[in-house]
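Asks: What follows is each chain in one-letter form.
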Amino acid sequence: MITMMMLTDILLALKHELIISLIIFLLLFWKIRFDNAHSEILMGLVNALLLVAVLFVWFEPIETLLFNQMFGSNALTQFQKSILSLAMLLISGLSYHWLKNNANRIEFYLLLLSSLLGMFFMISSANLLMFYLGLELSTIPLAAAANFDLEKRKSSEAAMKLILSSSFSSALLLLGVSFLYGCSGTLQFSEMSYALVVSPLSQFGFILLFAGFAFKISAVPFHLWTADVYEGSPVPVTAFLSFASKAAVMFVFVSVLNQVFQSMVQTWFLAISILVFLSIGIGNLFALRQENLKRFLAFSSISQIGYILIGILGDGSQAAASIYYFLFIYLFSNLAAFGVIGIVSEQTGKESISDFKGFYQNNKFLSWVLAIALFSLAGVPPTAGFFGKFFLLIAGGANAYLGLMIFAALNLVVSFYYYLRVVKAIFMDANESPLPKIEFDFTPKIALYFCLAAILLLGFYGPIYEHIVHISKAYSF
Amino acid sequence: MSDITQILLIIGLPFIAFLLLGIFGNSSTLLKNSAGIIGTSLMAISCFFAIQIASGYFLSPSHASGEAFSPSIVFKYVWLNFGSGKSIDIGAFVDPISAMMLVVVTFISLMVHIFSLGYMKGEERFATYYAFLGLFTFSMLGLVISANIFQIYIFWELVGVSSFLLIGYYFQKPSAVAASKKAFIVTRFADLGFLIGILTLGFYSETFDFQELIARLSNHQTPQFLAIASASFLGLSALTWGLVLVFIGGAGKSAMFPLHIWLPDAMEGPTPVSALIHAATMVVAGVFLVARLFPIFALSDQAALNIVAYIGIISALFAAIIACTQTDIKRVLAFSTMSQIGYMMFALGVSGYGGEEGAGFSASMFHLFTHAFFKSLLFLGAGSIIHMVHSNEMGDMGGLRKYMPITHIAFLIACLAISGIPPFAGFFSKEAILHAAHQSHPGIYYLGLFTSMLTAFYMFRLYFSIFWSKESKDHSHHSEGTWSMKIPLIILSIASILVGFVPFSSYVSSDGLGLESHLDWMFSIAPVSLAFLGIGFAAYLYLKENDKPESIANSLGSIFTWVKHKFYIDELYLFITKKVIFNLFGKPAAWIDKNIIDGFYALSADITTAVSFSIRGIQSGKVQGYALYFFGGILGLAILFIYIMN
Numbered sequence: 005m006i007t008m009m010m011l012t013d014i015l016l017a018l019k020h021e022l023i024i025s026l027i028i029f030l031l032l033f034w035k036i037r038f039d040n041a042h043s044e045i046l047m048g049l050v051n052a053l054l055l056v057a058v059l060f061v062w063f064e065p066i067e068t069l070l071f072n073q074m075f076g077s078n079a080l081t082q083f084q085k086s087i088l089s090l091a092m093l094l095i096s097g098l099s100y101h102w103l104k105n106n107a108n109r110i111e112f113y114l115l116l117l118s119s120l121l122g123m124f125f126m127i128s129s130a131n132l133l134m135f136y137l138g139l140e141l142s143t144i145p146l147a148a149a150a151n152f153d154l155e156k157r158k159s160s161e162a163a164m165k166l167i168l169s170s171s172f173s174s175a176l177l178l179l180g181v182s183f184l185y186g187c188s189g190t191l192q193f194s195e196m197s198y199a200l201v202v203s204p205l206s207q208f209g210f211i212l213l214f215a216g217f218a219f220k221i222s223a224v225p226f227h228l229w230t231a232d233v234y235e236g237s238p239v240p241v242t243a244f245l246s247f248a249s250k251a252a253v254m255f256v257f258v259s260v261l262n263q264v265f266q267s268m269v270q271t272w273f274l275a276i277s278i279l280v281f282l283s284i285g286i287g288n289l290f291a292l293r294q295e296n297l298k299r300f301l302a303f304s305s306i307s308q309i310g311y312i313l314i315g316i317l318g319d320g321s322q323a324a325a326s327i328y329y330f331l332f333i334y335l336f337s338n339l340a341a342f343g344v345i346g347i348v349s350e351q352t353g354k355e356s357i358s359d360f361k362g363f364y365q366n367n368k369f370l371s372w373v374l375a376i377a378l379f380s381l382a383g384v385p386p387t388a389g390f391f392g393k394f395f396l397l398i399a400g401g402a403n404a405y406l407g408l409m410i411f412a413a414l415n416l417v418v419s420f421y422y423y424l425r426v427v428k429a430i431f432m433d434a435n436e437s438p439l440p441k442i443e444f445d446f447t448p449k450i451a452l453y454f455c456l457a458a459i460l461l462l463g464f465y466g467p468i469y470e471h472i473v474h475i476s477k478a479y480s481f
Numbered sequence: 153m154s155d156i157t158q159i160l161l162i163i164g165l166p167f168i169a170f171l172l173l174g175i176f177g178n179s180s181t182l183l184k185n186s187a188g189i190i191g192t193s194l195m196a197i198s199c200f201f202a203i204q205i206a207s208g209y210f211l212s213p214s215h216a217s218g219e220a221f222s223p224s225i226v227f228k229y230v231w232l233n234f235g236s237g238k239s240i241d242i243g244a245f246v247d248p249i250s251a252m253m254l255v256v257v258t259f260i261s262l263m264v265h266i267f268s269l270g271y272m273k274g275e276e277r278f279a280t281y282y283a284f285l286g287l288f289t290f291s292m293l294g295l296v297i298s299a300n301i302f303q304i305y306i307f308w309e310l311v312g313v314s315s316f317l318l319i320g321y322y323f324q325k326p327s328a329v330a331a332s333k334k335a336f337i338v339t340r341f342a343d344l345g346f347l348i349g350i351l352t353l354g355f356y357s358e359t360f361d362f363q364e365l366i367a368r369l370s371n372h373q374t375p376q377f378l379a380i381a382s383a384s385f386l387g388l389s390a391l392t393w394g395l396v397l398v399f400i401g402g403a404g405k406s407a408m409f410p411l412h413i414w415l416p417d418a419m420e421g422p423t424p425v426s427a428l429i430h431a432a433t434m435v436v437a438g439v440f441l442v443a444r445l446f447p448i449f450a451l452s453d454q455a456a457l458n459i460v461a462y463i464g465i466i467s468a469l470f471a472a473i474i475a476c477t478q479t480d481i482k483r484v485l486a487f488s489t490m491s492q493i494g495y496m497m498f499a500l501g502v503s504g505y506g507g508e509e510g511a512g513f514s515a516s517m518f519h520l521f522t523h524a525f526f527k528s529l530l531f532l533g534a535g536s537i538i539h540m541v542h543s544n545e546m547g548d549m550g551g552l553r554k555y556m557p558i559t560h561i562a563f564l565i566a567c568l569a570i571s572g573i574p575p576f577a578g579f580f581s582k583e584a585i586l587h588a589a590h591q592s593h594p595g596i597y598y599l600g601l602f603t604s605m606l607t608a609f610y611m612f613r614l615y616f617s618i619f620w621s622k623e624s625k626d627h628s629h630h631s632e633g634t635w636s637m638k639i640p641l642i643i644l645s646i647a648s649i650l651v652g653f654v655p656f657s658s659y660v661s662s663d664g665l666g667l668e669s670h671l672d673w674m675f676s677i678a679p680v681s682l683a684f685l686g687i688g689f690a691a692y693l694y695l696k697e698n699d700k701p702e703s704i705a706n707s708l709g710s711i712f713t714w715v716k717h718k719f720y721i722d723e724l725y726l727f728i729t730k731k732v733i734f735n736l737f738g739k740p741a742a743w744i745d746k747n748i749i750d751g752f753y754a755l756s757a758d759i760t761t762a763v764s765f766s767i768r769g770i771q772s773g774k775v776q777g778y779a780l781y782f783f784g785g786i787l788g789l790a791i792l793f794i795y796i797m798n
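One line per chain: the protein sequences are A and B, in this order. Add 4 to a position in the first sequence, counting from 1, and you land on the number used in this note's numbering. Add 152 to a position in the second sequence, counting from 1, and you land on the number used in this note's numbering.
Calculated from the structure, these hints are not laboratory results. Ideal placement from N, C-alpha and C gives every residue a C-beta, glycine not left out. Some hints here could point you the wrong way.
[Stated by the list, open to error] Distance ranges between label pairs, derived from CB positions:
#1 LEU70/A <-> LEU160/B: 24 to 32 Å
#2 ALA413/A <-> GLN454/B: 55 to 63 Å
#3 TYR229/B <-> LEU59/A: 22 to 30 Å
#4 LEU780/B <-> LEU406/A: 32 to 40 Å
#5 GLN204/B <-> LYS104/A: 55 to 63 Å
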């Protein structure tokens, strides 16, 4: 019997999902009732509700398993969902101007929020079927969103590429899920971890599932879609793809590997090491020679994924904590960089590094934000990015192969070189006709200031890391 | 005022100057015009407190009663708590070397601030310049008082960043941009060594705190020491690796051979900046670092300490030889800096720990102290010469003594000091270094002696070429510079004479107990007469314009060319990076990308377009290629795990 008390608990456990669904319904009604009128009020409302979703992180977490133990909720998932909501909020703020001039802004929100909802279900999944549903819900709307620059061929191309290659990966992932079901007789995470024994069939099933994960986080050799899709999609969608969808899959990946596949630890330890090596190496080599900024960030994000995967190689909760912490910081550095590029690209259509030559001359604030974001991505102290990478390497260093660690450390210097190349173009390269002064609204400005403050200050505020360690110790595995 | 407030003011005021001038400096004209005054007065207050802290520390009554100087922790704030007693802290602590460095950094920085008032006047980004100076001073001070290795790493990087900004200050000049980038990238590689080194030490000693780290690793009975000494990698113990890597980091910042290539190029920055960064502060950070960890080096790992000694003497000699052939006055000074830092390094390297054994440590720190004064004096003097002549080349100078009397005298004093002529400051510290080396490492002693003769030669070659040599062009329409430029020269000249008389080793010594400083006049005969020989030779060649130097250069032929091109070390690096790395890795990667991957796509597209007419409209069919890779990845992993691993 469901008592009142239990009902409130269920509602509280589902609070993130509920508020996102609420926004989606609100948008649908608004579309029917007002169409495109009063859009500024609507955007304000959506942002306010997203802010509420972010602030949910301070709620007392409810620890429970719902819907036939398919859906789990605890302090960790609550924290992860709030991070993703924050990403959505910042993207919404940064692309305010672009959205205001776009006739289909309601659809934009609908698509990204549906995807976000899918991610929430994925994070909370305690069952492979639930996980798969969440994964699909988070992917399909994104393909539509990638096509958002309707008049651009590249945008439709990106959408087609995304949907085709992700259906391919989903099909194989599903095949892997059925193999695993065949081996263990269950889809429940908690039961599967006991039922799985290492056999060629279970290993093959695992590899298929693993490849599905690797595809989503675009680790080499499953990364080929990334650069084309990043380049073709509108910048806000690229920003969402590059942070939210990767972070969500990463959250699940960490816990699934440690929770469900503990018995196969030798298999995945080596598999991840290979991915780390390839992702860092190839990501860096290709990033070195990119001209388009979005392609550049695509390849550099591939190498960042390599570093995140190093964290997984560490021990249990310390590894998990280092990854969550890094992603939390990556959120700000990544979105700040994409935010500036988005603002510039929206108003001038310029996206290549050579267009940014002498950018500092007319756009001091934007230049500093972009430079600091890039420094943080490169991991230069005292920006927060340094602390993120530091903890990843410390966690991974406990177990990883020494050669791999040295390779990763040397590549840090390489990555430094190409990030500096962009900074140099902005500040030092001469340009007869640099980009003109770019005006932007109040909302993006706030979002940029927020990111900037986070990048500069987060690293020095210890309690955040301690909190993350605390919750990952309690709830990971 | 309590120590905490004073320390916070010392490092905080330059930072405030940075924030104030950096953020508002360009938007408010009032701030822009008074930027120099604001920066300088904040720096003056900071310097005042630094002197007060240092004098309070050194002249404390407890020491007078014969107690050792012990490090005092001024404040400590737990930044990250790992539980079980482990934590990363942010704190400040004062011990003899950091107290000395506080004074050196703030004092030289103050002189540079004052000098820049005149030198940089009229620059468009005047406020930005002072902001960067503030940032640099803040980072350097933070580095000096760091109480743990984590904190020192952060400030270490900040120092790198701010010097990058200052070297690249004239960012309209491509050479300045290239130089700042070179400095940054070269030191990055070294910093990587540093990071891995401190992590190794921190990992085994289970602490990040300097005092505990030193206590655990210099005592051979602790479990941490046994662990780090027994762990080995490639035949060396983890302790040796850790210390050597830390030293590599220090060698990068201190421009030790073979990581010195950035220093001469870094002279592209404004000259007062060179005085601050490349003479007195940043470049000695490496020496400071080795000194900070000195007990571990000396008590636990003689091998690592020997590396320090040999790298030090090689750099000292190598740089002195190159300095003899350079014609750009700032480059001569840059190489002479490298050479003098080599002295400080090998002094540490030959030193033992405690008592008379530790004389090398005191000597090294003493030389660091005196060098800061006369070398910044040389750079500031060079600054006012360049300000007047508008050239860095010796060939454009000559006979300037008539037009700039104050600079002339100041420069002469500094040259005498660096050459080790009594009673100038450099004499005392160099004597102490040679004395320390003489007892334990006679080979290094003789090389050091020879280098000191070379030092006297190239410094006076510089001096005579600038102030004597030929009759000068008419410079009477130029003045010698404003008083703000002359005053620092005068103050530093006085300091270069007096600081040698400080009984330094009784304050700064390896074990804190203090040493009786003594001067052995008989011992000094050799170095001083060699120095006079060097000066005499320089006078013979350069006092009057003649063709002797050229005929000597010609008779040396290819050797001279080798030396003049700095032994082609830069070219070697360029060859390795551009030719080897680029061709070996970059080109093939590009080639694979272009021919194999693209070709592969094209091929798979050709095959599949026949099959899939329906989606041909999208693009050339690359997506199939993606799928192929995807499947290839799965296949590769499957084969690896199912067939190979089992």
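Asks: Now, for every hint given, state plainly whether the structure supports it.
Replies: Do the hints match the structure? See the list:
1. LEU70/A <-> LEU160/B: 24 to 32 Å: violated, 53 Å
2. ALA413/A <-> GLN454/B: 55 to 63 Å: violated, 28 Å
3. TYR229/B <-> LEU59/A: 22 to 30 Å: holds, 29 Å
4. LEU780/B <-> LEU406/A: 32 to 40 Å: holds, 34 Å
5. GLN204/B <-> LYS104/A: 55 to 63 Å: holds, 58 Å
In the structure shown, a violation is registered for the earlier hints numbered 1 and 2, in ascending order.
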